[in-house]
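Given the coordinates of chain A, assemble chain B onto it according to the supplied hints.
There are 2 protein chains.
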Amino acid sequence: MGDLPGIFWVVPVAGVIAVLFAAYLIRDVLRRDPGTKEMQDIGNMIFEGAKAFLKRQYITIAILSVVVAVLIAVLVGCLRGEEGIPGMTPVGIAWRTGVAFMVGAFCSAISGFIGMLISVKANVRCANAARTGGLKQAIDVGIKGGAVSGFLVVALSLIGVTAMYFAYGGHADQSPHLIVGFGFGASFVALFAQLGGGIYTKAADMGADLVGKVEAGIPEDDPRNAAVIADLVGDNVGDCAGRGADLFESTAAENIGAMILGIALWKITGQPIWVLFPLVLRAFGVIACMFGVLLVRGKESENPMNALNRGYFVAVALSIAGLVATVLLMPKWTGISNGWFIGAGIVGIVASIITIFVTQYYTEYRYKPVKEIAKASRTGPATVIVQGTAVGFETTLPTALVIGAALLLSYYFGSLSGFDNPGTFINDGGAFGTAVATMGMLMTCPFILAMDTFGPITDNAAGIIEMAGIGGKVRDVTDRLDAVGNTTKALTKGYAMVSAGLAAFLLFQAYMERVALLKGTPFDSINIASVEVFVGALLGGMLVYLFCSMAIRAVGNTAAAIIEEVRRQFHADPGIMAGTSKPVYGHCVDITAKAGLRQMIAPGLLVVLSPIVVGVVYRLMPDSLHYDSPMAVGAMLMVATIGGILMASYMNNGGGAWDNAKKYIESGEFKDDKGNVRGKKTPEHAAAVVGDTVGDPFKDTAGPSVHVLIKLLSTITLVLCPLFIG
Amino acid sequence: MGDLPGIFWVVPVAGVIAVLFAAYLIRDVLRRDPGTKEMQDIGNMIFEGAKAFLKRQYITIAILSVVVAVLIAVLVGCLRGEEGIPGMTPVGIAWRTGVAFMVGAFCSAISGFIGMLISVKANVRCANAARTGGLKQAIDVGIKGGAVSGFLVVALSLIGVTAMYFAYGGHADQSPHLIVGFGFGASFVALFAQLGGGIYTKAADMGADLVGKVEAGIPEDDPRNAAVIADLVGDNVGDCAGRGADLFESTAAENIGAMILGIALWKITGQPIWVLFPLVLRAFGVIACMFGVLLVRGKESENPMNALNRGYFVAVALSIAGLVATVLLMPKWTGISNGWFIGAGIVGIVASIITIFVTQYYTEYRYKPVKEIAKASRTGPATVIVQGTAVGFETTLPTALVIGAALLLSYYFGSLSGFDNPGTFINDGGAFGTAVATMGMLMTCPFILAMDTFGPITDNAAGIIEMAGIGGKVRDVTDRLDAVGNTTKALTKGYAMVSAGLAAFLLFQAYMERVALLKGTPFDSINIASVEVFVGALLGGMLVYLFCSMAIRAVGNTAAAIIEEVRRQFHADPGIMAGTSKPVYGHCVDITAKAGLRQMIAPGLLVVLSPIVVGVVYRLMPDSLHYDSPMAVGAMLMVATIGGILMASYMNNGGGAWDNAKKYIESGEFKDDKGNVRGKKTPEHAAAVVGDTVGDPFKDTAGPSVHVLIKLLSTITLVLCPLFIG
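Just so you know, the protein sequences line up as chains A and B, in that order. All letters in the first sequence, in the order written, are residues 12 to 737 by our numbering. All letters in the second sequence, in the order written, are residues 12 to 737 by our numbering.
Isolated chain A, as found in the complex (with noise of 0.2 Å):
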């Protein structure tokens, strides 16, 4: 550790700062008034709800996670001993990996926790905010509360795996490889945490739908609608807590794999510090992200939109700052321009701001698809469900184009640099600056995660102000709020989905990187013109459409029992429907919670089981195939990523635009060839109703899940490669 310059200093730095900032909103929101008793009370519900499920959720998480470690350790350590690890045993490397496994998992858990909990203290304080201060007081109150995810799950990573790497040594060739048990454990519980939080929210909010507005005829986040309650849990478990894990998991795995990369850049210059440049790059967005936040300031007379957008460009120019600063600040080496890393990272950046820009364009009811959607509506349901599958459809053409340019042009920068080991394909420095970029996008990561935190916090407030019967003004102010939160969740999803896909590169990289020291041999080729790695690419391609259709379905199951609950509930009690009992809320947030969890573990262990199978079976083949096991999980894994980008851009963005195009018509601003307005209560309504339901669990359930499933593939084969190794 004597060897690493002045420089590294910045990252306990920024993660001490980033907790200690946290801290401060923590109590700068607990300290406002939570309003009128009744809303105090539903918030409570919302709060006890969250913990409920959480508590199940984690403990489900936890049992399956420790099974996992166990396996890891034995089959990583008895099986097969890593022998190229240099200076470790086979038992010293599985018990490390097991460890680290579990630290990940763990400091996943947690920061998905403290998000949910800090939301569900926050809804009820924004509600209030809005009710007695107005818009810029909420705006203030949502922002704030959103910021402690963000901030807590950037810091617990940087810190985590800064801890892991320093207490497995501080070897540039040896310990990235040892932690990679961290990613692989924070990605798990991502994807369990996203799947079932996913699976959860949206079969509370069809279930609530379904039997509230569609058969019983009464209002959204109406009091007498049993689910109510679990749908308003639902956007924190799913949006807050999933969206939480799945971001550790980027930061954490994407960490991990562009310090592996690293290592190459330090067998030329011998310089530790290229390992650590990532968690640098990190510390430095950390700060500008605060800036960042602490610059948002909404006025009455504005789209909210535009003071969280402020606050984003102010975090953006400061991370190019950052980045700028670190590359300049970095050793030199003779024959190596490090300044085209500063390419390389602004490339990243760009990419997230198209990304938004693209998202904003496809799911906002301003510009034409969305229009296009409304307008099907007046040939009823099935012309919008067509209209938004060939929208959903077509947004996959931006995404792979800025995906595919964000790789083409930061692999090209960072070759430049001049970063070369001999006797490989793949050129360091050209791998090396897709990292940069992916760890440029991800800069800005603490201020998305915040303003995505933002959109369940006034989708509660505004839940919690129907619900207490309070209206006129204040309906207004979280309406709007409203809108925003569901603008900047379609944000971050678009934002995750790039950066996975940008992050799949640099993981694949790692992954033959790290097959390579395992075999002591070149693996610089996944060739998918052989015969077993095409029906591996094929597998993984499929692996995609199976698991959304399982998520799809799990939601439809769930929602199926809430339904059943409601109804029941009606059935038994006409006091409900008449106003004058309550509906018992509970019942409906323990059905959704235990079904929500029985039907996450399927999907779960089908993404975690597939490579596995694939790349043992194939293993055990006889020679006299020629099976290149490792080269088939690399095409299931590269291929099932390109899949998968391809479908959450389908998903998250087809669902989007759905829900706006609902939204729309809801506003009245749609109108007839006669000039009529066709709002709330037309045909045209009940025909955007069908495709918003249609879009829940694809844009929530599996199209978040889907991200998170690409990266448990990268950090699964990552961990488990020795298992291929013949």
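Bear in mind the hints are in silico, worked out from the structure with no lab data behind them. All values reported here derive from a predicted model rather than from experimental measurement. Please note: incorrect hints may appear among the correct ones.
When chains are identical, the list treats them as one kind, so a pair holds in a single copy or across two.
[Unchecked claim] Straight-line distance between alpha carbons at most 20 Å, and here's what the computed SDA-like set of lysine to any residue pairs gives:
{"no.": "1", "residue 1": "Lys685", "residue 2": "Glu226"}
{"no.": "2", "residue 1": "Lys386", "residue 2": "Glu226"}
{"no.": "3", "residue 1": "Lys62", "residue 2": "Lys310"}
{"no.": "4", "residue 1": "Lys386", "residue 2": "Ala571"}
{"no.": "5", "residue 1": "Lys682", "residue 2": "Arg389"}
{"no.": "6", "residue 1": "Lys66", "residue 2": "Gly181"}
{"no.": "7", "residue 1": "Lys692", "residue 2": "Glu226"}
For chain B alone, kept in the frame of chain A given last:
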């Protein structure tokens, strides 16, 4: 030609027999009674509409074809000569490729046209047979009418490929490379025929349903609906002409690809018959299917599907016998065991049988998936869509497993044969094994195509009976036939998709062989871990989504035009609704044709241009980047194929399942929890109709076009690979 063994002569013999058999079938169908004056009038309207559309369509395609043929000749000839083909000048190759393209395009157009012509003559005769003779006779007319297409398509492909091969010298090492243009021409026409026909048929169907059943509340095929003739025309131009061109393309392109792989075996043995082997196998298949068709005998008292299945299994058994005979009659060579190719061929045949059962499981309402979708109708259209999506996504599992297993096994059997030229990564016997499996699967193609065309004939027959106001027992007969027709159409799509999947792998190998020939160095690896290749793969995956988006949107746009027109007619002449005056059917036919053709251009060109753009742009990049353009295009092709297979599986099977969920509810077998029948005119039925309408463009426009897309990408890269080689 003197060194061809006797077995080859089965090829021209089978070609001639197939043509004579088709002529016999035509005569047999045409001499039957076309029924009452009214039925004949309706039949004539359909005939005129179909003829008018095909005329327009073929003019458009002809113009595009000539442009493309000239472009190919210029590009291939001037920009770069194919120095690799022994004894050929660049100009010699250029004009031969251009001519082969035109011949392939022409044969494909002819196939589609003839198939359509007979089926619009058979429909009214089938209707009359149902009216006067009952089920048995109606099946007889339906299958014989369908078989005309089946045999003419395969005969034309067989004769065309053979004639081109010998016209271009009949040299084993050279001629297969010169006739790739034939396959490209066939694919080119097939894409536009399938796409234009698919847009036409589903736009007419959706338009007619939405404006008739949904808006005006009149039954399907009601003569008051101005779009009803367009709908019946659509069945012929989409399902008959489109599918005919699709399968012509399959049989031609896959023959040529297999012949190119046969060159490697010729190199070892010096026996040219290995290059012609695929044609011999096809010839035996034609004869096997002839017996199968002749043995289809319906019974009044049984499900007509059983009669078709009996015929199919006869064709399968005879195909296996033909396969065994072909392999055993092949000349021997030291160290080579030909016999293993029997195993490879049987793998292909078994794959087709499994595919058919899987398709039945997912799309027939006897089984759980469709029942689940029907059950979801209780909670409205949204859950029908969600459940159907889950089912459609799930079908990718068996599809991928069947294709994957077939590839691995047939490659394995092929590799056991002992054929292998040293120096490349790919086992030549193994690659040829996958070709034999594909050929084995396609042996029963004439029968499958007969079953497929049976679908629109019976669909039309039912429509004609309905429009002519004939009811009672006759309607029962045509309804039963129609239901069988839906099943056979679904089966063919599954078959076409899996055969496209198998064929794709053989076409990749052919592409790589050809690139190696032109580069003069081995080319046996497509390394998707290389950044530019990965981006090519990503773009390939995206291409499938974008193409489907455009195809689906085209249906929506065209349907909107029809709806406007029918509304206009209802409004302009109230006598139409009252039944006192007839609507102007011709206007709808015209509008659909014009709009459909305009909409097919953009997605068609997207497919043609994408690989060219990627290949040429990469080639023009500076050398310092080391971009491997043929590899990137190969990756694009392979990942588009994987994505296409999965997407087609989803769309075809999901669409079929939605269709039959609706039929299940209409059948009166669907009940609620209390045992009450929930049939037509219930909310459940309305919800299922939404699913059916969404499924229409999926299963009849986008899905089947994706098969052709995959193969067009293969043939286009095969022909134009000289452009990518720098």
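Verification of the hints:
no., hint, verdict
1, Lys685 - Glu226, "between (31 Å within a copy, 19 Å between copies)"
2, Lys386 - Glu226, "between (25 Å within a copy, 16 Å between copies)"
3, Lys62 - Lys310, "neither (34 Å within a copy, 65 Å between copies)"
4, Lys386 - Ala571, "between (30 Å within a copy, 11 Å between copies)"
5, Lys682 - Arg389, "within (10 Å within a copy, 31 Å between copies)"
6, Lys66 - Gly181, "neither (35 Å within a copy, 74 Å between copies)"
7, Lys692 - Glu226, "both (14 Å within a copy, 18 Å between copies)"
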